[in-house]
Amino acid sequence: MSQGDEPSFETGVVKKFLYLNRKAPYGTVYALEVLEMVLISAAFEQDVHLAFVDDGVYQIRKGQDTKSVEMKSFLPTYRALEGYDIEKLYVEKESMEERGLTSGDFVVPVEVIDRAAMGSLIDSMDVVLGG
Amino acid sequence: MSQGDEPSFETGVVKKFLYLNRKAPYGTVYALEVLEMVLISAAFEQDVHLAFVDDGVYQIRKGQDTKSVEMKSFLPTYRALEGYDIEKLYVEKESMEERGLTSGDFVVPVEVIDRAAMGSLIDSMDVVLGG
Amino acid sequence: MKFGILVNEGPFNHQASDSAYKFTEAALAKGYGIYRVFFYYDGVNNANKLSEPPSDDRHIVRRWSELGKKYNLDLVVCVAAALRRGIKDELLAEGFRISGLGQLIEAGIQSDRLVMFGD
Amino acid sequence: MKFGILVNEGPFNHQASDSAYKFTEAALAKGYGIYRVFFYYDGVNNANKLSEPPSDDRHIVRRWSELGKKYNLDLVVCVAAALRRGIKDELLAEGFRISGLGQLIEAGIQSDRLVMFGD
Amino acid sequence: MLHTVNKSPFERNALDACLTHAKKGSAVLLFEDGVYAATKGTAPGNTVAGVAKDLKIFVLGPDLKARGYDESQVVAGVTVVDYGGFVDLVVEHGPVTAWL
Amino acid sequence: MLHTVNKSPFERNALDACLTHAKKGSAVLLFEDGVYAATKGTAPGNTVAGVAKDLKIFVLGPDLKARGYDESQVVAGVTVVDYGGFVDLVVEHGPVTAWL
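Chains as they are written, first to last, in our numbering: chain A, 11 to 141; chain B, 11 to 141; chain C, 4 to 122; chain D, 4 to 122; chain E, 56 to 155; chain F, 56 to 155.
Simulated from the structure, these hints should not be mistaken for lab results. Check the hints yourself; a few may be wrong.
Unchecked claim - What the simulated footprint calls covered on chain F by chain A, stretch by stretch (three residues with Cβ under 8 Å from a Cβ of chain A suffice, anywhere in the stretch; the number is not a length): (1) 71-78; (2) 145-153.
To be verified - Across the chosen pairs, the derived CB separations fall in these ranges: (3) E/G149 <-> C/Y74: 21 to 27 Å; (4) B/K72 <-> F/N101: 22 to 28 Å; (5) E/S127 <-> A/K77: 16 to 22 Å.
Here a beta-carbon is modelled for each residue, glycine too, at the ideal position from N, C-alpha and C.
Turn these sequences into a full structure, and let the hints guide you.
Right, dumping it as C-alpha cells:
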C-alpha cells in the first residue's frame with residue numbers, strides 16, 4: 011500500500027504530461043491533490059508541464075494564509091517544485107488579467123502566455139490531467 | 011434506522027418550505043435527492059413550494075429516457091407529487107426561455123412567473139433548501 | 004435562537020464541511036443553540052470513522068465528533084443517502100447517528116434558522 | 004490500443020463514475036484493452052463495498068466489480084486519497100486494490116490514451 | 056433574507072443568480088470561492104460595488120485571507136466579517152438562501 | 056486532440072474555455088450536462104453551430120435522451136454518437152483534454 015510497492019519508477023518512456031489547473035484553491039481540493047500527481051510524475055521522469063487557466067491562476071497567488079480556515083496550505087509544495095526540476099509553469103495572460111493579477115503576484119516563476127499559445131501548448135501534449 | 015423511528019410527523023408548526031432547484035438533472039444527483047426532501051416535508055404537513063430556476067427547469071422537461079445511461083429517472087416521482095398535495099410549482103420565465111423551453115415542455119403543471127416574482131417568492135419563505 | 008445545519012458534501016473535495024464546522028463553532032461560541040447538524044447527499048461521508056488525513060492536515064471527521072461531544076450536538080446522517088454510499092453503523096464515528104430524512108425537516112421546523120452548506 | 008481510465012468523483016453525486024463505466028464497457032466491447040482504471044479524489048468512494056443503493060437503481064460499486072471480474076481489469080484506488088476519506092482494505096469491494104498514485108502516472112505512460120472523468 | 060454565494064463568479068452563474076433575485080435591502084454574504092467577487096480590478100468586483108447601494112454586501116475574511124487577499128483589496132461598499140459575523144448576519148437577516 | 060465538455064454552458068465556463076482553446080480541426084465531445092450546449096433555440100446552441108465549421112463537434116446520444124432531447128433538437132453541424140462512438144473519437148483524435 012505504500013509507494014515502495016511500485017514496481018519501478020523507470021519505464022524508459024518519456025511523455026509530455028500537462029496538469030491543466032482551472033479551479034480556484036480551497037473551495038475544492040483539486041489544487042492540492044493535483045500537486046501530488048505532479049510530484050509523482052516527476053519521480054517517473056516524465057516531461058511535466060503545469061498550466062494555470064481561468065480560476066486556476068488563483069492557485070499560485072502570493073499571500074495565502076489558511077490559518078483561520080484551518081485548511082492545509084499548498085504554497086510550500088509549490089515553492090518546492092523547482093527542487094524536483096519542475097520548471098515548466100505557464101499562466102494564461104487573459105485569465106490573469108481578467109482577475110486583476112500581474113506576473114508579480116505569483117509565488118513561483120511562471121511564463122505568461124496568451125490564450126492562443128496556451129491552446130497550442132495543450133494541443134502538443136500526450137497526457138492532460140488536472141481538475 | 012428506518013423512518014418509523016421518527017418521533018412524530020406532527021409538530022403543530024407549519025412553515026413555508028421552498029425547494030430551489032437550479033441544477034440540471036443526471037449530471038449531478040441533486041434533482042433526485044431533493045425530491046426525497048420534498049416528499050418528507052409534505053408528510054410533515056408543511057407548506058411546500060418548488061421553484062425551478064436556471065438549469066433547474068431542465069429537471070421537469072418531458073421525454074427523459076434514462077435507459078441507455080442506466081440511471082434512475084425521477085419523472086415518475088414528479089408525476090406523483092399531486093397525490094401528496096404538492097401543487098405549488100413555479101418555473102422562472104427567463105430561465106425557461108433562455109433554454110428554448112415553453113410551458114408545454116414540462117411533465118407537471120407549473121406556474122410560470124418572472125424573475126422579479128421569483129425573487130419575491132424566495133423572499134417570503136421560512137426555509138429554503140435545494141442544491 | 005437555535006440553528007439547524009445542513010451539510011451536503013463530503014470532507015476534503017469541497018469546503019462545505021469546513022465552512023459548516025466553523026459556522027457551528029462560532030454560533031456555539033456566541034451562546035446560540037444548535038438544534039441538529041444533518042448530513043445529506045455526499046455529506047454522509049463526514050461520518051466515516053476510518054478517515055485518516057495526513058497529520059499536518061485538519062481531521063474533519065474527528066473534529067465534528069469532538070465538537071459534538073463538547074456541546075452534546077445531535078449529528079444525524081441520512082439513512083437513505085448513507086445506504087447508497089456505503090456509510091453504515093459500523094463505520095460511524097463517535098457522536099454520529101443514522102436516521103431518516105424527517106430529522107432534517109424537523110430541524111427546519113424547530114430551528115429558527117436552517118443554514119445549508121454545499122457545492 | 005490500450006486505455007487508461009481516471010475517475011475523479013464518487014458514486015451518485017456526479018455522473019462521472021457512470022460515464023467512466025459506460026465508456027470502459029464500450030471500449031471492451033470493441034475489443035480494446037483497459038490498462039487500468041484509477042480512482043482518485045472522491046473517486047475512491049466507488050470502491051466501498053457497503054454501498055447499498057435502492058433496488059430500482061444501478062449498483063455502481065458492484066457493477067465495477069463485475070466488469071473487473073469479467074475482463075480481469077486492474078481497478079486501483081489511490082492510497083493517499085483513500086486514507087483521507089476512510090476507504091481502507093476492509094471496505095474494498097471485490098476486484099479493487101489500493102496502491103500509490105504512481106499507478107496512475109504509469110497508466111498515463113503505458114496506455115495509448117488516458118481518459119479522465121470528473122466534475 | 057440573507058443570501059450566500061460560495062462560488063467563483065468567473066466559473067459559475069451563482070453570483071448573477073443571487074444578485075438578480077435578491078430583494079432591495081437584503082444581505083448577501085460572499086464566502087469560500089465566492090470571495091473573488093469582492094476583489095478590486097475585476098468585472099465581478101465592479102458589479103458587486105455597483106449593487107452595494109441596494110444590497111448589504113459582506114465577505115468572509117478568513118476565506119479572503121486563505122486566498123491571499125486582505126481588506127484593502129476589497130471593493131468599496133463591502134464589509135468584511137469573520138465566522139462570528141456570519142452567525143450575526145444569519146440572526147439579524149432571517150432565513151438564508153444558499154445559491155449553490 | 057479530443058476535447059470533452061461535461062458541464063452545462065448556462066452554469067459554468069467550461070464550454071467557453073474549451074472553444075477558445077481548441078485548435079482548428081480538433082474534435083469536441085459534449086456529454087453529461089454538456090449536451091445542453093447542442094440544443095436548438097439557445098444561445099450556446101448558436102455558438103456551437105457557429106464553430107462547427109472549424110471544429111468537429113459531437114454530442115453523446117444517451118445523455119441527450121436522458122435529458123429528454125432527440126437528434127431533431129440538436130443544432131446543425133453536430134454529430135450524435137453513442138458510447139462506442141465516444142471510444143472511436145478517443146482512438147481517432149488522440150490525447151483527450153477534459154474541460155472539467
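Structure-based check of all given hints:
no.: 1; hint: 71-78; in the structure: holds (count 5)
no.: 2; hint: 145-153; in the structure: holds (count 4)
no.: 3; hint: E/G149 <-> C/Y74: 21 to 27 Å; in the structure: 24 Å, holds
no.: 4; hint: B/K72 <-> F/N101: 22 to 28 Å; in the structure: 23 Å, holds
no.: 5; hint: E/S127 <-> A/K77: 16 to 22 Å; in the structure: 19 Å, holds
In summary, this structure violates none of the numbered hints.
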